[in-house]
Amino acid sequence: MEAHAIRTGLQYCTEYGFENVFVEADAKTVILMINKGTVPNCSFECILGDIEVLARRLTSVTFGFVPRERNRAAHSVAKFVFKEGKDFVWDHVGPEFLFNVLAQDVHISIRI
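Under my numbering, think of the first position of the sequence shown as 16, with each following residue one higher.
One or more of the hints may lead you astray.
Unchecked claim - Straight line, CA to CA, 16 angstroms or less: simulated EDC-like cross-link-like pairs of lysine to aspartate or glutamate: (1) Lys43 x Glu84; (2) Lys94 x Glu67; (3) Lys94 x Glu84; (4) Lys51 x Glu67; (5) Lys101 x Glu17.
Think of the hints as simulated: they come from the structure by calculation, not from any bench.
Start from the sequences, fold in the hints, and give me the full structure.
Shown next as structure tokens:
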């Protein structure tokens, strides 16, 4: 699921003209496979190949591991998208549930 999300995110980055991208994920194995270029599981081979091709289209892309506890916002968005079963793009204002999660990630409180 994480590899699919990374591929989809990079597709949107190329479509919307982003050039410098930092991808954070809580799937340590996937991040290691992307960074090292090794694919121990052939089911990931096509997806990781797509990620490599998309990454080359960007000026700069960095893939980093962040434990889930330190990036609840990304995990919440992934759960939301998986539950809804479709892709979402939020250009300016994200969904209401995300504001409080983002505030928790940076340890502040926001009242909506």
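Hint by hint, here is what the structure shows:
Proposed proximity of Lys43 and Glu84 is supported: the alpha carbons are some 13 angstroms apart, at most 16 angstroms. Between Lys94 and Glu67 the alpha-carbon distance is near 25 angstroms, which puts this suggested pair outside the 16 angstroms criterion. Restraint check for Lys94 and Glu84: satisfied, since their Cα atoms lie roughly 14 angstroms apart, inside the 16 angstroms limit. For the given pair, Lys51 sits about 11 angstroms from Glu67 by alpha-carbon distance, which is consistent with the 16 angstroms threshold.
About 15 angstroms separates the Cα atoms of Lys101 and Glu17, which keeps this hinted pair within 16 angstroms; it holds.
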